[in-house]
Amino acid sequence: HIGWFSMLSASYGCRVLAFEPQPHAHPFINASIVLNGWQGRVRAIRAAVADDTRARMKLVNRGGWGNWDISELAPESDADDGIETELVSVDEVLERDYPEDDVVLLKVDAE
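So the sequence shown is residues 1 to 111, counted in the UniProt record's numbering.
These are computed hints drawn from the structure, not numbers from a lab. We treat Cβ as the ideally placed atom computed from N, Cα and C, and that holds for glycine. Please note: incorrect hints may appear among the correct ones.
Estimated spans, in silico, between C-beta atoms of each pair [said to hold, decoys possible]: (1) F28 <-> V108: 31 to 39 Å; (2) V104 <-> R56: 17 to 25 Å; (3) V103 <-> T53: 13 to 21 Å; (4) D102 <-> P27: 26 to 34 Å; (5) A31 <-> D52: 27 to 35 Å; (6) H24 <-> E95: 15 to 23 Å; (7) S11 <-> D52: 33 to 41 Å; (8) G13 <-> I83: 18 to 26 Å; (9) V108 <-> H24: 15 to 23 Å; (10) D109 <-> A55: 18 to 26 Å.
EDC-like, lysine to aspartate or glutamate: derived pairs with alpha carbons at most 16 Å apart [to be verified]: (11) K107 <-> E86; (12) K58 <-> E86; (13) K58 <-> E84.
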């Protein structure tokens with residue numbers, strides 16, 4: 001949850017997009033980026049990845065620092081636990097921000 005694989009990839013010269021929806025983990029990834037001097041090589045995006053970015057999702061802590069689940073929210077949901085998170089499409093981010101680049105590796109850590 002601190003971007004270990006992102007930092008490892010950057011150390012080999014890769015440009016990295018790291019998607020991290022957990023609000024408490026995102027600052028640690030950003031700190032790792034700065035401490036390693038890789039602001040131009042690693043970009044941390046505070047969002048969950050989904051194929052349909054119109055859906056509503058929330059993060060629910062199931063106990064522990066890194067034990068968060070993502071669950072779909074019905075529009076009429078009145079659940080008070082969890083927080084809503086932004087959803088992004090990897091394809092849309094790549095097309096918008098990196099149209100000329102090729103993806104050579106995609107590493108997914110899904111929980």
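Hint check:
1. Look at F28 against V108: about 19 Å separates their beta carbons, and that is not inside 31 to 39 Å.
2. Taken as a hint, the range 17 to 25 Å is violated for the pair V104 and R56, whose Cβ atoms sit roughly 33 Å apart.
3. Take V103 and T53: their Cβ atoms lie about 19 Å apart, and the range 13 to 21 Å holds.
4. Between D102 and P27, the C-beta spacing of about 30 Å keeps the proposed range 26 to 34 Å intact.
5. Between A31 and D52 the C-beta distance comes to about 32 Å, which sits within the given range of 27 to 35 Å.
6. Between H24 and E95 the beta carbon distance is about 30 Å. The supplied range of 15 to 23 Å is therefore violated.
7. Roughly 34 Å separates the CB atoms of S11 and D52, a value that falls within the hinted 33 to 41 Å.
8. The given range of 18 to 26 Å is broken by G13 and I83, whose C-beta atoms sit roughly 35 Å from each other.
9. Checked against the hint of 15 to 23 Å, the C-beta distance between V108 and H24 comes to roughly 21 Å, which is consistent with it.
10. Roughly 21 Å separates the CB atoms of D109 and A55, a value that falls within the hinted 18 to 26 Å.
11. The straight-line distance between the Cα atoms of K107 and E86 is roughly 20 Å, outside the 16 Å bound, and the hint therefore fails.
12. Our distance criterion of 16 Å between C-alpha atoms is met by K58 and E86, whose separation comes to about 9 Å.
13. Our distance criterion of 16 Å between C-alpha atoms is met by K58 and E84, whose separation comes to about 4 Å.
The structure shown violates the earlier hints numbered 1, 2, 6, 8 and 11.
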